[in-house]
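We have chain A; now place chain B onto it with these hints.
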Amino acid sequence: MTNLANDFGVAEPELLDRPEKRGRLGILFWVCVAWLGINIFGAIFANVLPLPNPLANNYSAINFGPSLHHLLGTDELGRDIFSRIVYGSRISVSVGFGAMLIGFGVGAPLGMLAAYRRGLFDQIVTTLMYVFLAFPAIIAVIAVLSFWTPRSLLKIILVIGIASIPLVYRVIRAATLSMGSRDFVIAAKVQGATDRRIIFRELLPNIAPVGISFLLIGIATVVTLEGALAFLGLSINPPQPSWGNMINESRTLLSQNIWIAIFPALALCLFLLSLNYIGDRLRSYFDVSEVKL
Amino acid sequence: MAVIKYVARRLVLMVGIIFVISVGAFYLIHLLPGDPATVILGGGDTPQARAALYKQLGLNRGIVIQYFVWLNHVLHGNLGTSFITNESVVSTIKNAFPIDVEMIILSQILAFAFAIPLAMRSAQKPNGRLDKTASAGSFTLLSIPPFIIIVFLVLIVAVKLKIPNTGPASYVSIGQDWVVNLESMVLPAVTLAIGSFVLYYRILRSDLISTLQEEFITLARSKGISRRRIMWRHAFRPSSVALVGTAGVNIGGLIAGGFVVQFLLQIPGLGFTLIDAINLSDYLLVQGIVLVISVSVVLINFLFDFLITIIDPRIARD
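Chains as they are written, first to last, in this note's numbering: chain A, 1 to 293; chain B, 1 to 318.
Just so you know, the hints here were simulated from the structure itself, not pulled from any lab data. All figures in this text were calculated on a predicted structure; none of them were measured in a lab. Hints are not guaranteed to be accurate.
What the hints assert, rightly or not - Label pairs and their computed distance ranges (CB to CB):
#	chain 1	residue 1	chain 2	residue 2	range
1	A	P66	B	V12	58 to 64 Å
2	A	P50	B	A52	30 to 36 Å
3	A	F286	B	R221	40 to 46 Å
4	B	S210	A	F97	57 to 63 Å
5	B	N95	A	P109	45 to 51 Å
6	A	A56	B	V172	40 to 46 Å
7	A	G119	B	V15	23 to 29 Å
8	A	N53	B	Q176	47 to 53 Å
9	B	Q213	A	I124	53 to 59 Å
10	A	G119	B	N95	32 to 38 Å
To be verified - On the chain B side, residues computed to face chain A include the following (Cβ under 7 Å):
#	residue
11	L31
12	I144
13	F147
14	I148
15	V151
16	M231
17	G253
18	A256
19	V260
20	I293
21	S294
22	T309
23	P313
To be verified - So these bits of chain A aren't anywhere near chain B, every CB distance computed over 12 Å:
#	residue
24	A34
25	L51
26	P52
27	N53
28	L77
29	R117
30	L120
31	V125
32	D183
33	V185
34	V190
35	D195
36	R196
37	L204
38	I217
39	L282
Where a beta carbon is used, it is the ideal one built from N, C-alpha and C, also for glycine.
Only chain B is shown next, with the shape it has when bound in the complex:
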């Protein structure tokens, strides 16, 4: 019961947040210098195009009505048609989005696969040799931004070692050739995984250390349960609440963190498309991508909040 109430409250909050995001995303166009229609149309300022734009954004109406005209279109799945590429914004986003999803899933598999076992090892002997090395290492990695990691990974792997399909512009879609696709995803996934790994390792480690000092662990030990079983069956779940919460926020952030990686390697995901659209002054596309990314981030956060209440239902109770 408490869980349902909690989720319902969260749902209301989420709708509120999405409302604020949509207002923000719409009024972005009024930040443009001068008349938004003229700037958005750019070189393609024909009467027909202008009429289409006015219809899409309701620009001839009052400033408040404009939002609702636009929102009505958005809710019907219409984000307008780009005046630069003449493609519908929705279909451009639909093509780009799965690439981000693939990149993020790969990076998260890598990050968890390394962070969880290492954190468990570290937490068993806090301040032991492994723990000290891993902690110092993760602290250093914390200070290396992803755009530096990717530049040097490309330099070493693609330029110096000349491993095929890892350099810029080697991306092919998964339908075309999935082996090459995976190869071209290695460097982006590793780069994003490094940042996530550091975060997950540090949080899980410190939570495990405090969990291992609790009485139920001492009890389990005195019953003679193996160390391995204690770690995985007794200590892991209560220590993973903060981890899951962090993962939710982090994965949301990765959609944005993917920008630099995609930009450098010319992988046509949302980030690359966004930067490209900014450089081409394709404002309708920019607006659409900003909206889609922000809403996805909020949805992911909501999903992970829900996951946390499954791991630890007490959270929903207070």
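Okay, chain A solo, but in the shape it has when bound:
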């Protein structure tokens, strides 16, 4: 059964090389952490911060470029782009974290349990998960969202979250398997430690690094997926801003005002870049290379 993992081979994250020494995460890592922090802060406190109303039209300031009044300019209805980006981050942040909460909440315990217990339970769950892994999540997500109307943020989080369970399961199970036969686990068993103790005190701390770096990359993937859905008009409805639907709305106005496209695109890419970079750095920092996912 383990072999199936490689054969279905959902894009394997890079696990080799990177010879940097452990001990330093580098300045870029902390810049990314700070950027991520700013984004999350903005998303949480968007309505407390002194921002113009992201939905308020202002016909005397249409398609303005960046200025002191409107930091990132205004769109075709005179709405403040900076404010819309900050409010838009709420969608990306909540879909990213919410969906991964569901994915990890279900996938991680199942994966650990399956890898620890093995046997019939493992076989059944793993086969089932691989059946669901066999086709791209985006099709399942689009299919369900197109029939399950009307669409809401909660439904989007739920559908993407459920679709991510098999991916999380696969990674956590593989990580647990690689730890399960290590000496320290066997030593704990020999000493008569309870299953609960082995799982929480021996296995969990050791698979946490894999889990965290996969969590960050998973959030990036989910945010991209929501962006694509929004771009296709299948996420939350305008006028409520999200990065994806801002980019979607900008595409007809590109020749008049390219700022409308550039700023939300930049916001999304920088957010994704910091997630990916932090995840990648953590993985090489904890030297996860031995865990062949």
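The following block gives chain B in isolation, referenced to the frame of chain A:
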């Protein structure tokens, strides 16, 4: 022998997966709010149309029987007739599908043509200047979603540089004018190729680096075989297993990734047709496309699994 057994096992699994997909695709209609027939028929709710729909989906039967009524129709190549366009779902899909195939083939040619030579160069001098630049570049590209790439490609190429036949709605079918067809396919193919390129480059590079440390490579070197020959004849094949596996999954994903590209450029492939059908509440068409895409993805995965066993027959043995 082992290969046959392996393929047979895979075949059984594939049939199982397709069964699950078909169940999922059928019961999608029961996610619709209220009575599915009323929602699917929409404005065209005439007694005749209702009767046709009931016959197609077996809606007057029990919920389990419904699936088999529908499955029976599907296996006979009948996915129903759209109540919005009055066209058969199968013929709509038949018209759209080749466009996706063309787009994906073009993008994969581009992706492999750049990824393989670059990965070979990078792997020969890990952490050299070229390797560092290419790795950093590919990492950055990893964080740019295709829908952003296509928007800016259209902005630069079609809007600013005004290169003809690259903007939205410039697609013509390959039978009509193949030159214009290819021109209109450039931006979609490049967009899809960028994502694939990044993936292939990163995987092939890291696999090549570990292969090049193996003893048979040292032996080949000590025999005085040229570097070029070592790379292509000795190192490439053992390093390409993960690449082929990834390509299989990725190509399956591209059918879905093509959505945004087709949507923006109004290329009438499956993705565009699907989004259009969703917006028109043409649920039978949505259901048909979802089924066809999912089954194709599974078939592609199966095909690539088979390819892997040809590259490295050891995989089938354990």
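Structure-based check of all given hints:
1. One distance hint, 58 to 64 Å for the beta-carbon pair P66 of chain A and V12 of chain B, holds here, with the actual separation near 60 Å.
2. The hinted range of 30 to 36 Å is not satisfied by P50 of chain A and A52 of chain B, whose Cβ atoms lie roughly 59 Å apart.
3. In this structure, F286 of chain A and R221 of chain B break the distance hint of 40 to 46 Å, their C-beta atoms being roughly 34 Å apart.
4. A hinted range of 57 to 63 Å for the beta carbons of S210 of chain B and F97 of chain A is inconsistent with their spacing of about 35 Å.
5. Distance hint check: the CB atoms of N95 of chain B and P109 of chain A are about 46 Å apart, consistent with the given range 45 to 51 Å.
6. Distance hint check for A56 of chain A and V172 of chain B: the Cβ-Cβ separation is about 43 Å, which falls inside the suggested range of 40 to 46 Å.
7. Checked against the hint of 23 to 29 Å, the pair G119 of chain A and V15 of chain B passes, with Cβ atoms roughly 26 Å apart.
8. In this structure the supplied range 47 to 53 Å holds for N53 of chain A paired with Q176 of chain B, their Cβ-Cβ distance being about 49 Å.
9. For Q213 of chain B and I124 of chain A, the hinted distance range of 53 to 59 Å is not satisfied, since their beta carbons lie about 39 Å from each other.
10. G119 of chain A and N95 of chain B have their C-beta atoms about 50 Å apart, which leaves the hinted 32 to 38 Å range violated.
11. At a threshold of 7 Å, the smallest CB-CB gap from L31 of chain B to chain A is about 4 Å, leaving the interface hint in force.
12. The interface hint given for I144 of chain B holds, since its Cβ lies 5 Å from the closest Cβ of chain A, which is under the 7 Å cut-off.
13. A distance limit of 7 Å between C-beta atoms decides the matter here; for F147 of chain B the minimum to chain A is near 4 Å, and the interface restraint holds.
14. Below 7 Å, beta-carbon pairs count as interface contacts, and I148 of chain B has one with chain A at about 5 Å; its hint therefore holds.
15. Using the Cβ-Cβ criterion of 7 Å, the hint placing V151 of chain B at the interface with chain A is satisfied: the shortest such distance is roughly 6 Å.
16. Contact between M231 of chain B and chain A, as hinted, is not supported at the beta carbon level, the nearest pair being about 18 Å apart and thus beyond 7 Å.
17. For G253 of chain B, the interface hint holds, since its Cβ comes within 7 Å of a Cβ in chain A; the closest pair sits about 5 Å apart.
18. Here the hint on A256 of chain B is kept, as its CB sits about 4 Å from the closest CB of chain A, short of 7 Å.
19. Residue-level restraint check for V260 of chain B holds (minimum Cβ-Cβ distance to chain A is 6 Å; threshold 7 Å).
20. Hint on I293 of chain B holds. Least Cβ distance to chain A is approximately 5 Å, under the 7 Å limit.
21. Hint status for S294 of chain B: holds, given a least beta-carbon distance of 5 Å to chain A, under 7 Å.
22. Interface hint status for T309 of chain B: violated, as the beta-carbon distance to the closest one in chain A is roughly 9 Å, over 7 Å.
23. Because the closest C-beta pair between P313 of chain B and chain A is about 14 Å apart, greater than 7 Å, the hint is violated.
24. A cut-off of 12 Å between C-beta atoms confirms that A34 of chain A is not in contact with chain B; the least separation is 17 Å.
25. The beta carbon of L51 of chain A sits about 24 Å from the closest Cβ of chain B, which is more than 12 Å, so the claim that it is off the interface holds.
26. For P52 of chain A, the requirement that its beta carbon stay farther than 12 Å from each beta carbon of chain B is met, with the minimum near 25 Å.
27. Remark: the non-interface label on N53 of chain A is consistent with the geometry, its nearest Cβ contact in chain B lying 26 Å away (cut-off 12 Å).
28. Once the 12 Å rule is applied to beta carbons, L77 of chain A is consistent with being away from chain B; the minimum gap is 20 Å.
29. With a least beta-carbon separation of about 23 Å from chain B, R117 of chain A lies farther than 12 Å from that chain, consistent with its non-interface assignment.
30. At the 12 Å boundary, the C-beta of L120 of chain A stays outside the reach of chain B, the nearest C-beta of that chain being 18 Å off.
31. Even its closest Cβ contact with chain B, about 15 Å, leaves V125 of chain A beyond 12 Å, as expected for a residue assigned away from the interface.
32. Its beta-carbon lying about 25 Å from the closest one in chain B, D183 of chain A satisfies the requirement of being farther than 12 Å from that chain.
33. V185 of chain A, annotated as away from the interface, keeps every beta carbon of chain B farther than 12 Å; the closest lies near 24 Å.
34. A cut-off of 12 Å between C-beta atoms confirms that V190 of chain A is not in contact with chain B; the least separation is 30 Å.
35. At roughly 29 Å, the least C-beta separation between D195 of chain A and chain B is larger than 12 Å, which holds for a residue marked as non-interface.
36. Separation of R196 of chain A from chain B is adequate, the least Cβ-Cβ distance of about 34 Å exceeding the 12 Å criterion.
37. Every beta carbon of chain B lies more than 12 Å from that of L204 of chain A, the smallest distance being close to 28 Å; the non-interface claim holds.
38. Some Cβ of chain B comes within 12 Å of the Cβ of I217 of chain A; the nearest lies about 10 Å off, and the non-interface call is violated.
39. Listed as a non-interface residue, L282 of chain A keeps its Cβ farther than 12 Å from every Cβ of chain B; the least gap is roughly 15 Å.
Comparing the model with each numbered hint stated earlier shows that hints 2, 3, 4, 9, 10, 16, 22, 23, 38 do not hold.
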